[in-house]
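Visitor: Given these sequences and hints, build the entire structure.
Chains D and S supply the protein sequences, listed in that same order. Under the working numbering, the first residue of the first sequence carries the number 666, and numbering increases by one thereafter. Under the working numbering, the first residue of the second sequence carries the number 74, and numbering increases by one thereafter.
For the record, the hints were derived by calculation from the structure and aren't laboratory data. Any given hint might turn out to be false.
[Said to hold, decoys possible] With a Cα cut of at most 20 Å, we get these calculated SDA-like pairs of lysine to any residue: (1) S:K190 - D:E915; (2) D:K799 - S:P286; (3) D:K948 - D:E915.
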Amino acid sequence: MEETAAITVDDGERERPAESPEPPPRAAAEPPDVRLAGVRKAYGDVVAVAGVDLEIAAGEFFTLLGPSGSGKTTTLRMIAGFEEPDQGTIELAGRDMTGLPPYEREVNTVFQDYALFPHMTVGDNVEYGMRVSKVGRAERRTRASGALKMVRLGGFEERKPSMLSGGQRQRVALARAIVNRPRVLLLDEPLGALDLKLREQMQVELKGIQGEVGITFIYVTHDQDEALTMSDRVAVFNQGGIEQVGPPAEIYERPATRFVTGFVGVSNVLERDGTRFTVRPEKIRLLEATDDGQGLHTERGVIRDVAYAGMVTRYLVQLDGGGELQVVRQNLETSSSEALEQRGRQVTVGWRPEQTVAVLEDSANTRMEDPQ
Amino acid sequence: MEAADALASAPRRSAGRRLAGLFHGHGGLQAGALLSGPLAWLVILYLGSLAVMLVAAFWSVSPLSGELVKSLSLDNFKTLVDEPVYRTIAGRTIAIASLVTLTDAVLAFPIAFYMAKVASRRTTAVLVVAVLMPLWASYLVKVYAWRQMLSTDGVINWVLNPLGAHGPGYGNTAVWLVMSYLWLPYMVIPIFAGLERIPNSLLSASEDLGASPWTTFRRVILPLAFPAVVAGSIFTFSLTLGDYITPQLVSNNQFIGNVVYNNVTGGTNLPLGSAFAVVPIVVMILYLLVARRLGAFEHL
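Guide: Right under this line is the structure:
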């Protein structure tokens, strides 16, 4: 029952994203807050970062998203000054920072393990940056207590870090960094060690704090949900390079490459008539016998697997025309037993042709074929 | 009835299993049984001999017959305080022990820092072996080697004399040099361990917050490593305090240990020797109390 409707594939995002970076939202006149040009870093034979170009606007919440070993943390460490790039330049507000040590850069970092000084009180930790830059005692006190209030730890000045919970340490680390009013705040998987509930709560708080202080945030994470929830823009890293840069909705709905498709969501990639495309699982309908699939591209297949997840049920459909699709359906009326009975059934799936997005070969692969 | 049959027919348990059953769930009993041997050794042989020595410190020797008078008096301690020579010897011993400790701390810190934070893993392993290697050689061999080197026609003078200088010869300086050499590994290893326990992210955080390397050293590394230095100093200080062979071989000066040794083995005055041996014990107890306040015991 193959529909005749041609597989129309959206060609809108054909260009390589790395070559055509999004114009940053509010950087019309002034230079971008952070600019990376042709940044490359290798450790021996291992290329950690293979030519990254980025422009991040002032006040942006920018996320570097990617699996471990994709080069996102190395990129962050190069912006902080802990690593020097082998090639390329790093600019901060138009000033070349390449070669400057961390203590001469207007950036502060929130570390994954918080890195609070165990021999100092919370107050001394927060005041540390101001103390080494010779800010007066009275001003230090005021600013530190203000920063601690902002992260909802007012009155914790005299405690030692060892007396705090993980979430509280995280907040102290944040206060210690923003109290110095850096131009850019770097966050290296800061929520990685927290449990899910706390993480979700901190995501909202971080976003709120960023709005309050107006500092540019560069946020490293491997969690695509976190990236999509918090960011103004996301750069998806893979094997030392950037696959795509764009706002979360664009990354999700118009993934440029096969890798982005799979990493930000589910890899529903099909190949029909020589064109490779993807369609997101929630955009696919499981059609009833009575449904004529008007205006949809339909294909037949077999339900190979069913996973009931409370709010939704996930179906894995093996298509007769080749390939597999994951389909997500809200459990509006379906019960778990009804959902699980579907296994092995013949079904027709359909989607609106305009919901498909063409995907390119990963830029990581083309980089491999064409070194330098 | 059936239950009783079942019990009777149950396989007989071996003595070992019954013992294991007794210990199961009784952690205190288990630990007690395991520790009873070593504990007896520690209490009877080690603390016991110490107690005998402490008691002997209050005895005296009959000036006429030279026999032990086993009645308690404070005369020995009075002698130690009143006779200037004992005060000089105690002062010299403590001064050189302090000097050796200071010297070793100053020498050991850069070595340990290099090993813990700068060198590659491989180099660190080589350096750990290099630092410990002198401990494989006999103490006496090393001191005799120094005795040779420090002698008038030893290698030190052979190098220095053409330059118009000469070595320290035998004396307090020689004792200080040799002791500093002997106990250096005992200082390097605790500091190395202490520095290794400082996460590198703390150093990065300090740099990130605007601290220059020197400020990072002063405000982060040094305060965090200081308890480890104190831990190392317990070794260097107490080992110097108790030594009597090095002073004998590379100087003509007496240490507390020499006085104790001469009085005890020479049989001249065992009680006085015992009383003098109490001095380093008291000094060490005070030292350990201070060290504990400084957090050194978390680094041993």
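Visitor: Taking the hints in turn, state whether each one holds.
Guide: Do the hints match the structure? See the list:
no.	hint	result
1	S:K190 - D:E915	violated (45 Å)
2	D:K799 - S:P286	holds (16 Å)
3	D:K948 - D:E915	holds (15 Å)
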